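K.L.:
Chain residues, written in single-letter form:
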Amino acid sequence: MKNTISLNLRAYWAGLKAVIVFTVIVIVYTFVMTGIGQLGMPDKANGSMITNAQGEVVGSSLIGQSFTDANGDALPQYFQSRPSAASDPNKDEDSQGYYAAASAGTNKGHADADFVKSTTELRKTIAKREGVSVKDVPSDAVTASSSGLDPEISPEYAAIQVKRVAKERGLSEEQVENLVRKYTTGRGLGFIGESTVNVVRLNLALDELK
Amino acid sequence: MVYVFAIMAFALIAIILVAIYKPLGDYMFNVFTTDKDLFFEKWIYKVVGVDSKKGQTWKAYLRGVLGFSLMSVLVLYLLQRVQQWLPFSLGFPNVQGPLAFNTAASFVTNTNWQSYSPDVTLGYTVQFAGLAVQNFVSAAVGIAVAVALVRGFAWRRSETIGNFWVDLTRCTMRILLPISIVMGIILIALGVAQNFAGFVDVNTVAGGTQKIMQGPVASQEVIKELGTNGGGFFNANSSHPYENPNMWTNLIEILLMLAIPVALTRTFGRMVGDIRQGYALLGAMVIIFGISFFAVVTAESFASDPITSLTGGSMEGKETRFGIVWSGLFGTTSTSTSTGAVNSMHDSYTALGGMIYMLNMMLGEVSPGGVGAGLYGILVMAVVAVFIAGLMVGRTPEYLGKKIGPREMKMASLYFLVMPITVVVGVSLSFAVPFARQSIFDTSLNNSGNHGFSEVVYAFTSAANNNGSAFAGLTADTPWLDTTLGLAVLIGRFLPIALVIALAGSLAKQDKVPVTAGTMKTDNGLFVVLLVFVIFLISALTFFPTLALGPLAEGLVA
Numbered sequence: 001m002k003n004t005i006s007l008n009l010r011a012y013w014a015g016l017k018a019v020i021v022f023t024v025i026v027i028v029y030t031f032v033m034t035g036i037g038q039l040g041m042p043d044k045a046n047g048s049m050i051t052n053a054q055g056e057v058v059g060s061s062l063i064g065q066s067f068t069d070a071n072g073d074a075l076p077q078y079f080q081s082r083p084s085a086a087s088d089p090n091k092d093e094d095s096q097g098y099y100a101a102a103s104a105g106t107n108k109g110h111a112d113a114d115f116v117k118s119t120t121e122l123r124k125t126i127a128k129r130e131g132v133s134v135k136d137v138p139s140d141a142v143t144a145s146s147s148g149l150d151p152e153i154s155p156e157y158a159a160i161q162v163k164r165v166a167k168e169r170g171l172s173e174e175q176v177e178n179l180v181r182k183y184t185t186g187r188g189l190g191f192i193g194e195s196t197v198n199v200v201r202l203n204l205a206l207d208e209l210k
Numbered sequence: 001m002v003y004v005f006a007i008m009a010f011a012l013i014a015i016i017l018v019a020i021y022k023p024l025g026d027y028m029f030n031v032f033t034t035d036k037d038l039f040f041e042k043w044i045y046k047v048v049g050v051d052s053k054k055g056q057t058w059k060a061y062l063r064g065v066l067g068f069s070l071m072s073v074l075v076l077y078l079l080q081r082v083q084q085w086l087p088f089s090l091g092f093p094n095v096q097g098p099l100a101f102n103t104a105a106s107f108v109t110n111t112n113w114q115s116y117s118p119d120v121t122l123g124y125t126v127q128f129a130g131l132a133v134q135n136f137v138s139a140a141v142g143i144a145v146a147v148a149l150v151r152g153f154a155w156r157r158s159e160t161i162g163n164f165w166v167d168l169t170r171c172t173m174r175i176l177l178p179i180s181i182v183m184g185i186i187l188i189a190l191g192v193a194q195n196f197a198g199f200v201d202v203n204t205v206a207g208g209t210q211k212i213m214q215g216p217v218a219s220q221e222v223i224k225e226l227g228t229n230g231g232g233f234f235n236a237n238s239s240h241p242y243e244n245p246n247m248w249t250n251l252i253e254i255l256l257m258l259a260i261p262v263a264l265t266r267t268f269g270r271m272v273g274d275i276r277q278g279y280a281l282l283g284a285m286v287i288i289f290g291i292s293f294f295a296v297v298t299a300e301s302f303a304s305d306p307i308t309s310l311t312g313g314s315m316e317g318k319e320t321r322f323g324i325v326w327s328g329l330f331g332t333t334s335t336s337t338s339t340g341a342v343n344s345m346h347d348s349y350t351a352l353g354g355m356i357y358m359l360n361m362m363l364g365e366v367s368p369g370g371v372g373a374g375l376y377g378i379l380v381m382a383v384v385a386v387f388i389a390g391l392m393v394g395r396t397p398e399y400l401g402k403k404i405g406p407r408e409m410k411m412a413s414l415y416f417l418v419m420p421i422t423v424v425v426g427v428s429l430s431f432a433v434p435f436a437r438q439s440i441f442d443t444s445l446n447n448s449g450n451h452g453f454s455e456v457v458y459a460f461t462s463a464a465n466n467n468g469s470a471f472a473g474l475t476a477d478t479p480w481l482d483t484t485l486g487l488a489v490l491i492g493r494f495l496p497i498a499l500v501i502a503l504a505g506s507l508a509k510q511d512k513v514p515v516t517a518g519t520m521k522t523d524n525g526l527f528v529v530l531l532v533f534v535i536f537l538i539s540a541l542t543f544f545p546t547l548a549l550g551p552l553a554e555g556l557v558a
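Chain order of the listed sequences is A and B.
Numbering-wise (the numbering used here), the first sequence opens with residue 1 and increments by one.
Numbering-wise (the numbering used here), the second sequence opens with residue 1 and increments by one.
Isolated chain B, as found in the complex (with noise of 0.2 Å):
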């Protein structure tokens, strides 16, 4: 029965992604080649001070994402360190030096992994105008590296890669904005709040006392989702009544989050000129988020250990109005993009389950991924299966028309070996160095043996991805998973942005070579499964060893 739930969901959420593709897959071609600036964008430009008309080579490209994104995580910084002096600070202190530099790290690199809890930590002004703005920005920032290198593989001849001041600008401007405002108002009108009330007393309907936390929610929460950010309002992100309220509040979360990761694919069909490119890259994305969900409802609902025997069913961590099949279904929407919103605590799915979650960033969030990132990533992969493939028939590989020469291939290669290295050594060094380990197991862990190891290779892997979920039993803020999960967002997102500008620059420089009787056909079924296998391939060989020990342990045992 369970299963027929699960289906209707699916398809519910696959029949409204296919009505929106088309339409926001072409608005979002239209806004990133179209060579009209508008008015307060050309308003903006004056005051940065760029000529939109000018294409940028990779390297000027690259250094306006880092020089960016830097000033971003030093502004959000400072702003937390002197929180107590903005208005509307709830009475919180100033955050703390290595909490604030893990906030800012992981709120300018798209993750939103929480070490602090919002309610108790943070007040309004530096979740609006701090988190908020880079929930706008950091989502902008990796939509504008993915259509950059869409452009290489497009572009014939050209030393130029496109305008990051304007990829960022207009992203921002006429994609986020306009669909926050408008979804905004939806989810205020279900029930999510809007208001600066700060903390409500109330006496309950049983004489006892409430405090209760209010707070400017939708603005926040839209973004949130649609930027594949995740970062909550409340501790309890999306499981808390005033961030989803309903099941319908659930449904649209949801759908926000795929919208521009599954629609960037035809943005990318028509910039290369060829829609059929983007199914390919579809057809894969949905062929591994679909695995994905069924095992998480088969895993939830059958599992046979100690607590779900015991009570019946997988309820603990998970909301009524949701159930198993629709936390299911958010969590995989979830973990597959980089959103790491969560609307049931993960920590305490059954041991496959939750290993579910963690695979699906461990194949690299490309299941669609994060927007942009999502786009970019698959892209570095199809490259990789292209090459085994030409390796197989003894061809010199090529995509899209372009040459997948050495130099591609290292620019490939080390893209994909950014992420698990930064899983395993930021999670053997936490049990490895003396002062670690100790850390981990005095404060951190909030579970023991496999479970808790799981813990911290879930944070590592959540944050090397750029996704923010976490098994949230984990206490994050101490000095050292403060300061190493914040350097592993910062290296798990721009050691592989600046990889995929480097890609975008060689590429685009290249002539097309023309389409012949041997060219390996990448717009058809074979080639989707090849791309499958290839993703599955190189995550499990790295991640095997690791899950042994943690999910795979505590799962067989029970």
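For reference, chain A alone in the conformation it holds in the complex (with noise of 0.2 Å):
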């Protein structure tokens, strides 16, 4: 008995020991990733930044941002992002999402009541904004990603989206298109993942295009 505890004993020691000795290993690691991702390739390793014309930073090439006005309204010169269940928990307000501080997804399961209602009104919202029937919004449109930060669209999405922005700007159709059809980033190998436009990057290209 007195043996086994004794035995017991010896193994915490060294497994405590043991749990120090890793834990140096694995901090060393992570600064040793950190200092190659720095040195070797900062623009990935610093998330992706991407600047305006004028140099400033105005966001992530990879997180999606909202294009909508202080009470959620989407602003017509603008592509619109997927609804996003991304938002600071410290604000109640509904008209937030891509909040990059909190990611979520909404978590709502297919049979629930009032999800239902709310995406039946989202659709014919979206089918008004941009003048096209109900059946023609895309599942992406009125569905949430699952991190709340989804930077792209489905090429669906976009194209109902192309002639208000176009006439929006003072732009003609094919000139969006063309913008559209850059930032869309077609299937790897053409099977791997799916065709995608990028929202942010797109918008900006918009709003320098002048």
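In case anyone wonders, no lab produced these hints; they're calculated from the structure.
Predicted model only: the values in this text are computed from it and were never measured.
Some clues are possibly wrong.
[Said to hold, decoys possible] 20 Å max Cα-Cα, derived PhoX-like pairs, lysine-lysine: (1) 36(B) / 59(B); (2) 17(A) / 42(B); (3) 17(A) / 22(B).
[Stated by the list, open to error] Computed spacing ranges between beta-carbons, pair by pair: (4) 97(B) / 188(A): 24 to 30 Å; (5) 403(B) / 6(A): 34 to 40 Å; (6) 3(B) / 175(A): 53 to 59 Å; (7) 414(B) / 134(A): 55 to 61 Å; (8) 7(A) / 519(B): 38 to 44 Å; (9) 309(B) / 53(A): 26 to 32 Å; (10) 35(B) / 188(A): 53 to 59 Å; (11) 406(B) / 113(A): 51 to 57 Å; (12) 36(B) / 188(A): 37 to 43 Å; (13) 97(B) / 20(A): 22 to 28 Å; (14) 184(A) / 30(B): 45 to 51 Å; (15) 185(A) / 393(B): 54 to 60 Å; (16) 6(A) / 82(B): 58 to 64 Å; (17) 441(B) / 184(A): 44 to 50 Å.
[What the hints assert, rightly or not] Partner residues aside, some chain A positions facing chain B, computed with beta carbon under 8 Å: (18) 27; (19) 171; (20) 192.
Each residue gets a CB set at the ideal place from its N, CA and C atoms; glycine is no exception.
Got two chains here, separate frames each, mind docking them using the hints?
P.N.:
Written as structure tokens, this is what we have:
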């Protein structure tokens, strides 16, 4: 009995020392990796930040943004992002989203009655905004992403927004379509992932056009 | 059309895994069988105070596992409790007791269930000096235990089953760390963040403001997948663009999760001197994985529930860049290994799609399972399969030349009972005990009805299997769930490990029985089918009533 206790104590002591050793190793690993990232590829390591023509940082090409006014209504001169559940926990306005310090999805189940109702409304709102019939509103336009920070939309959702953006900016639809094409990424090797349009970079490019 | 993309995705993953199967499996075989220590390993053994040349009995091995894990829980708990005084705390206060216990238990057991939201709870130091450390070593513990069991089959008349400290150290230093460094650098190059910038405020394109959380993500992301851990640097886990920015990082992360569990079947084959035995286990794993993946894709593409019909596709809780196929492949991988990372919100899957993920875990996570845990899990199932076949033909069952006697069967049966009992008891108590029920209904549930029930079932299934993914709408940071889920991860991890190590001890003592004409072959298609059948049988019988109340009811009504 006494023997077992002493064997256990010895295992705890060895365990504690091992935990400390591996902690030191992993701390060194973290800083080495950070060093390699910062020296070798600082743009990527620092979060793929993007700047406007004046050289000011206006966000990250990887992190989605909202293009709405203070009331949460769409700014018509911009392509709109997907709905987002990432909100500042210290504020409770319904209008926010794309708060990149609290990533989140809605986690709503598909049978939730309120959720079905609000989605139906949203679909109508978007159809009206873009002047298309509700059945032409694609799935990603009315569903929130997993992170709440999705910087991209489907090419279908971009397509129905071209007319409005072109009109608001006094551009031809062809000009806008060309830009959309420029910021569209196809599937890798033709089948990996999905085809997407980066809304943040697209809208930035639209602003720089003039 | 969706099936064309699904088949190509499946084929791509399969081809790459075939390419790394032999080199990685053989490399791990060498790591665990060589008697040479590298210089930095000698230094570690000196500090820890281990004689690396000395084998351990199963009891000593188990003491090592438990001693190391208990100290890990303590250190990780304390680290969170003093967070505000640590560097890089980002201004976050100390983590509360129940939550700190839950998180410590969860990361030490390779579960990485996250009751907390990292973005608003944890500073960098707790993440990289606490959680990331456990990402490495909890994975190494799992692999060590699997290797010990394989030695039980491979060795004869041996009192010892290897040395835990040596297995732990070699696995961390020679397998996990080198792969993490190389693949981590690749992840950074593809856009995964790696900095100490804290929260960055920017003025957005449209003239608003945005607060962006940064951090040393890549170094943690890579081991999170490689060690089948799953604890995200961010709340949104691998759907966060800084963890998983594009299709290429998504592909790499899927491969990282699968690499070690799959290649370990090769290591196993080499160690028992018959690589075909490894192929048989792998065959069963691939069949279950394949069924699961195509079932999820089908459920997500062709469901007719209100939201899917209304919006014309199941994109709620999915990222545009991954879509249904690559979200489904990631989710299947994550729930079939013990990773629990998510690149889409499982709570927002169709009822039947979400059920497949639950089922992957309920099968005991053997397709291919977590690092190490998958291999010892399927070896126990193989023992059960051999026993059932032995009963049918009236022979003493044997596997890999070892007799499966009453003692071995006791260990194996107890092993596969632990997880279902933990799940069923945990779920029942949550709805039966009045104060627990109240806390579940008032605070925890995000959805009502059958789907709400599914959230709780998923939570306990994930905890008891050390998976860590969630129907994340569930608010689990309540005293009831923090405590019970914390206990579930500990029971679900260490009871099976103790049984496996005891089984290894009793197998290692035996001599090998010679192969005769009456020996059942365990390296052919028939055995693979039998093994798959046994795995499904055990879990289907156990969990059918539970699933009927949750996802089946929800899915069939809609």
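K.L.:
A separate judgement is required for each hint: does it hold in the structure or not?
P.N.:
Checked hints:
1. For the hint linking residue 36(B) to residue 59(B), the alpha-carbon distance of about 25 Å lies beyond 20 Å, and the restraint is violated.
2. For the suggested pair residue 17(A) and residue 42(B), the alpha carbons sit about 14 Å apart, so the restraint of at most 20 Å is met.
3. Of the pairs offered as hints, the one joining residue 17(A) and residue 22(B) is violated, with about 35 Å between alpha carbons and a cut-off of 20 Å exceeded.
4. Distance hint for residue 97(B) and residue 188(A): a CB-CB separation of about 46 Å, inconsistent with the stated range 24 to 30 Å.
5. Here the CB-CB span from residue 403(B) to residue 6(A) is close to 35 Å, well matched to the stated 34 to 40 Å.
6. Hint check: residue 3(B) to residue 175(A), Cβ distance near 38 Å, so the stated range 53 to 59 Å is violated.
7. In this structure the supplied range 55 to 61 Å holds for residue 414(B) paired with residue 134(A), their Cβ-Cβ distance being about 57 Å.
8. At about 39 Å, the beta-carbon gap between residue 7(A) and residue 519(B) stays in the expected band of 38 to 44 Å.
9. Separated by about 45 Å at the C-beta atoms, residue 309(B) and residue 53(A) break the suggested range of 26 to 32 Å.
10. Under the hint 53 to 59 Å, the C-beta atoms of residue 35(B) and residue 188(A), about 44 Å apart, miss the expected range.
11. For the hinted restraint 51 to 57 Å between residue 406(B) and residue 113(A), the CB-CB distance of approximately 55 Å keeps it satisfied.
12. One distance hint, 37 to 43 Å for the beta-carbon pair residue 36(B) and residue 188(A), holds here, with the actual separation near 42 Å.
13. The hint said 22 to 28 Å for the Cβ distance between residue 97(B) and residue 20(A), and at roughly 23 Å that hint holds.
14. Against the hinted window of 45 to 51 Å, the Cβ-Cβ separation of residue 184(A) and residue 30(B) comes to about 47 Å, which satisfies the hint.
15. For residue 185(A) paired with residue 393(B), a C-beta distance near 58 Å keeps the hint of 54 to 60 Å intact.
16. In this structure the supplied range 58 to 64 Å is violated for residue 6(A) paired with residue 82(B), their Cβ-Cβ distance being about 31 Å.
17. As the Cβ distance of residue 441(B) to residue 184(A) is approximately 46 Å, the hint placing it in 44 to 50 Å holds.
18. Given hint, residue 27(A) at the interface with chain B, holds; its Cβ is 5 Å from that chain's nearest Cβ, closer than 8 Å.
19. Interface restraint check for residue 171(A): the shortest CB-CB distance to chain B comes to about 17 Å, outside 8 Å, so the restraint is violated.
20. Taking 8 Å as the C-beta cut-off, the interface hint given for residue 192(A) holds, the closest approach to chain B being about 5 Å.
This entry does not satisfy hints 1, 3, 4, 6, 9, 10, 16 and 19, going by the numbered hints stated previously.
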